[in-house]
Amino acid sequence: DMKVTQMPRYLIKRMGENVLLECGQDMSHETMYWYRQDPGLGLQLIYISYDVDSNSEGDIPKGYRVSRKKREHFSLILDSAKTNQTSVYFCASSFLERNTLYFGEGSRLIVV
Amino acid sequence: AQSVTQPDARVTVSEGASLQLRCKYSYFGTPYLFWYVQYPRQGLQLLLKYYPGDPVVQGVNGFEAEFSKSNSSFHLRKASVHWSDWAVYFCAVSRGTGGLSGKLTFGEGTQVTVIS
Numbered sequence: 001d002m003k004v005t006q007m008p009r010y011l012i013k014r015m016g017e018n019v020l021l022e023c024g025q026d027m028s029h030e031t032m033y034w035y036r037q038d039p040g041l042g043l044q045l046i047y048i049s050y051d052v053d054s055n056s057e058g059d060i061p062k063g064y065r066v067s068r069k070k071r072e073h074f075s076l077i078l079d080s081a082k083t084n085q086t087s088v089y090f091c092a093s094s095f096l097e098r099n100t101l102y103f104g105e106g107s108r109l110i111v112v
Numbered sequence: 001a002q003s004v005t006q007p008d009a010r011v012t013v014s015e016g017a018s019l020q021l022r023c024k025y026s027y028f029g030t031p032y033l034f035w036y037v038q039y040p041r042q043g044l045q046l047l048l049k050y051y052p053g054d055p056v057v058q059g060v061n062g063f064e065a066e067f068s069k070s071n072s073s074f075h076l077r078k079a080s081v082h083w084s085d086w087a088v089y090f091c092a093v094s095r096g097t098g099g100l101s102g103k104l105t106f107g108e109g110t111q112v113t114v115i116s
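Listed in order, the protein sequences are those of chains A and B. Numbering-wise (my numbering), the first sequence opens with residue 1 and increments by one. Numbering-wise (my numbering), the second sequence opens with residue 1 and increments by one.
The following block holds chain A by itself, in its conformation from the complex (with noise of 0.2 Å):
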C-alpha cells in the first residue's frame, strides 16, 4: 500500500522520560531515516539506517539512538529525554541509491 506509518502521533512526555517513536513500512526499502522538523529550520537528518543493525548518525545524532531489528521497523528512542527534543519527528524510507523519500505523518513530541 506504500505507506510509512508512526506511531504515536502525539506525545506529552515530562523531562528526564524515555521516550520511544516507532516507524513501519510496507514497502520493503532497504533505508529508512528519522529527521526532526522546528520552525524555521526545515527538516533536520537524526539517523539513518541502511538495513537491519546497520545503523548511521545524521547531522544531529546526540540525545538519541535507533534501533532497526527488522527491515519494515525503525525505532527512535530518547533516553532522558530533554526540553529542546520538543519537536515534530518525522521517519522516511527510501530504496538504497534512490532519493525519493516516503515520509510518515510525523510524530508531534512535547517534553515539560
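Treat the hints as calculated values from the structure; they're not laboratory data. Note that the coordinates shown come from a computational prediction; the quantities given were computed from them, not determined experimentally. Where is the CB? At the ideal position from N, CA and C, for every residue including glycine. Incorrect hints may have been included.
Unchecked claim - Pulled from the structure, derived: some chain A residues nowhere near chain B, Cβ distances all over 10 Å: (1) Ile12; (2) Ser28; (3) Asn55; (4) Gly63; (5) Ser67; (6) Ser75; (7) Ser80; (8) Val111.
Said to hold, decoys possible - Using 25 Å as the maximum straight-line C-alpha spacing, the simulated SDA-like pairs for lysine to any residue come out as follows: (9) B:Lys49 to A:Tyr50; (10) B:Lys103 to A:Leu96; (11) B:Lys24 to A:Asp38.
Stated by the list, open to error - Partial selection, computed: residues in chain B whose CB lies under 10 Å from chain A: (12) Lys49; (13) Tyr51; (14) Ser94; (15) Lys103.
We have chain A; now place chain B onto it with these hints.
For chain B alone, coordinates are given in the frame of chain A:
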C-alpha cells in the same frame, strides 16, 4: 558544506494566479535537487526532482522547476494556483557520492497561503 536557502518564509497568492517559490543552493559539484510539499497535518511528499540533464523538470499537479547552475537556483513555478495548493514547500539537495543519497539537506520551507 551544502546548504539550501528559501528566502521567502511566507507567500500569499490568489487562486488562479501564478506562483513562484525561490530556492538557492550551495553545493560543490553537480547537485541533485528536489521539491517536497507538506499539506496540513501530513508528512512530506515529493513534487519533483532534478537529476543532471534538462534544466526544466515537470512535477505533479502542474508544478515545474528550473535549474540554473549560474544562479545556483532551483525555483518552483505553477501557472495557476488552486486552493488545494495551500501547503508548505521545501527545497532540498542530496548529499553523498554521485548525488544518489537519501541524505537530504532541506531549506527552511515556504508557507503558501491561497486566497480567493
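Here is what the structure says about each hint:
{"no.": "1", "hint": "Ile12", "verdict": "holds (18 Å)"}
{"no.": "2", "hint": "Ser28", "verdict": "holds (15 Å)"}
{"no.": "3", "hint": "Asn55", "verdict": "holds (13 Å)"}
{"no.": "4", "hint": "Gly63", "verdict": "holds (20 Å)"}
{"no.": "5", "hint": "Ser67", "verdict": "holds (19 Å)"}
{"no.": "6", "hint": "Ser75", "verdict": "holds (17 Å)"}
{"no.": "7", "hint": "Ser80", "verdict": "holds (27 Å)"}
{"no.": "8", "hint": "Val111", "verdict": "holds (21 Å)"}
{"no.": "9", "hint": "B:Lys49 to A:Tyr50", "verdict": "holds (22 Å)"}
{"no.": "10", "hint": "B:Lys103 to A:Leu96", "verdict": "holds (11 Å)"}
{"no.": "11", "hint": "B:Lys24 to A:Asp38", "verdict": "holds (20 Å)"}
{"no.": "12", "hint": "Lys49", "verdict": "holds (6 Å)"}
{"no.": "13", "hint": "Tyr51", "verdict": "holds (8 Å)"}
{"no.": "14", "hint": "Ser94", "verdict": "holds (5 Å)"}
{"no.": "15", "hint": "Lys103", "verdict": "holds (6 Å)"}
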